[in-house]
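Novice: Residue numbers (my numbering), protein chains in the order written: chain D, 1 to 160; chain A, 1 to 160.
Certain hints may be false.
Because identical chains cannot be distinguished in the list, a pair is counted as satisfied if it fits within a single copy or across any two copies.
[Unchecked claim] Okay, derived cross-link-like pairs now, BS3-like style, lysine-lysine, Cα gap no bigger than 27 Å in a straight line:
1) 128 to 30
2) 72 to 30
3) 93 to 72
I should point out that these hints are in silico values taken from the structure, not numbers from a laboratory.
There are 2 protein chains.
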Amino acid sequence: MYSLCDTIERYIMRLIESSPDQVVTIQRGKLASEFDCAPSQINYVLATRFSVFRGFIVESRRGGSGYVRIRKIPIDRIEPIVAYLEEYERQLKESDVEDLLSWLERENFITHRESELMKAAMIKALEKVDDLGIPPGAERNQLRSRILREMLLQILSWGK
Amino acid sequence: MYSLCDTIERYIMRLIESSPDQVVTIQRGKLASEFDCAPSQINYVLATRFSVFRGFIVESRRGGSGYVRIRKIPIDRIEPIVAYLEEYERQLKESDVEDLLSWLERENFITHRESELMKAAMIKALEKVDDLGIPPGAERNQLRSRILREMLLQILSWGK
DNA sequence: CCCTTTGACCATCACTGACATTTACCATTA
DNA sequence: TAATGGTAAATGTCAGTGATGGTCAAAGGG
Numbered sequence: 001m002y003s004l005c006d007t008i009e010r011y012i013m014r015l016i017e018s019s020p021d022q023v024v025t026i027q028r029g030k031l032a033s034e035f036d037c038a039p040s041q042i043n044y045v046l047a048t049r050f051s052v053f054r055g056f057i058v059e060s061r062r063g064g065s066g067y068v069r070i071r072k073i074p075i076d077r078i079e080p081i082v083a084y085l086e087e088y089e090r091q092l093k094e095s096d097v098e099d100l101l102s103w104l105e106r107e108n109f110i111t112h113r114e115s116e117l118m119k120a121a122m123i124k125a126l127e128k129v130d131d132l133g134i135p136p137g138a139e140r141n142q143l144r145s146r147i148l149r150e151m152l153l154q155i156l157s158w159g160k
Numbered sequence: 001m002y003s004l005c006d007t008i009e010r011y012i013m014r015l016i017e018s019s020p021d022q023v024v025t026i027q028r029g030k031l032a033s034e035f036d037c038a039p040s041q042i043n044y045v046l047a048t049r050f051s052v053f054r055g056f057i058v059e060s061r062r063g064g065s066g067y068v069r070i071r072k073i074p075i076d077r078i079e080p081i082v083a084y085l086e087e088y089e090r091q092l093k094e095s096d097v098e099d100l101l102s103w104l105e106r107e108n109f110i111t112h113r114e115s116e117l118m119k120a121a122m123i124k125a126l127e128k129v130d131d132l133g134i135p136p137g138a139e140r141n142q143l144r145s146r147i148l149r150e151m152l153l154q155i156l157s158w159g160k
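The task is simple: from the sequences and hints, build the whole structure.
Specialist: This is the structure we're talking about:
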């Protein structure tokens, strides 16, 4: 039932986890050959599974001896995220929330239950609030962002 | 005389019962083909027979390799929560939230941390949202209710 | 009348291929 | 030698296609 996308994600994830520095360098073409898929498929996996909101940084270089380097961002502190949220407020989409929560969960800042609880408040609850005068778009994203912010501050107060 | 609806219900039910984790993952299209019916018929069965109120949680993913996962949840002493849910449209004041949360915590439905998270989302986050066009009073209380409702549904899915 | 069933239309996700861009390396030449 | 330029080797981007599942109103049936 796993898609190719999922398989490649797990493959890269294992490489990172088994690396001392939480970094892995690959070659897009090689990896694509191994999985017998289009090279751009690798970009798709990187974009959807290894985004900043999920806690990863991807750098690359083109041309001869080019590479793609995927690095896991260490988070010992949540403050930077809170700060970032303030600027990003109007654009915080639902998928961003999901990605961020999966990151916090992976890093053991929150439990799975807590993650689901937060998702309920920020995604499900805000799905149909037009009748309360909160249309989809920037405004709803802002509200979502405020909720997330307060919850993060709460988490912050617990430490790790 | 059994309707198609009933037949599909029993089919899914058997799959769940014969699964160790009380979970089953299906593909809507495939199942619809097997029973030679419209795909949306599956949604109807899920909505009417496998709702939260009947003790099931349904998750799904669209697109390639999409799926529908149906999970049976342990139900124990959920009646009070359901009762609360049924009048979720009521105007929830901040103090109501506090009362409910302390009750949920006392009854071990949620942990202290979870309680604090919920409080952050329903009280702190909604303190200063005037600039988003959500003035204090009825409107804000309604929004609070929506958030609580979704979080309660989530808690419900955990059982106790 | 209420419950079932369907179909049309929508939303989302995975995957690909054509085309663009960047880089290393090497041959040619003033 | 230094500058030029061409070629091969990499990666990036983006729009398009197919495969799913979701929603809702309307028709059907007991």
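Novice: Compare the structure with the hints numbered earlier in the document and write down the numbers of the violated ones, lowest to highest.
Specialist: 1
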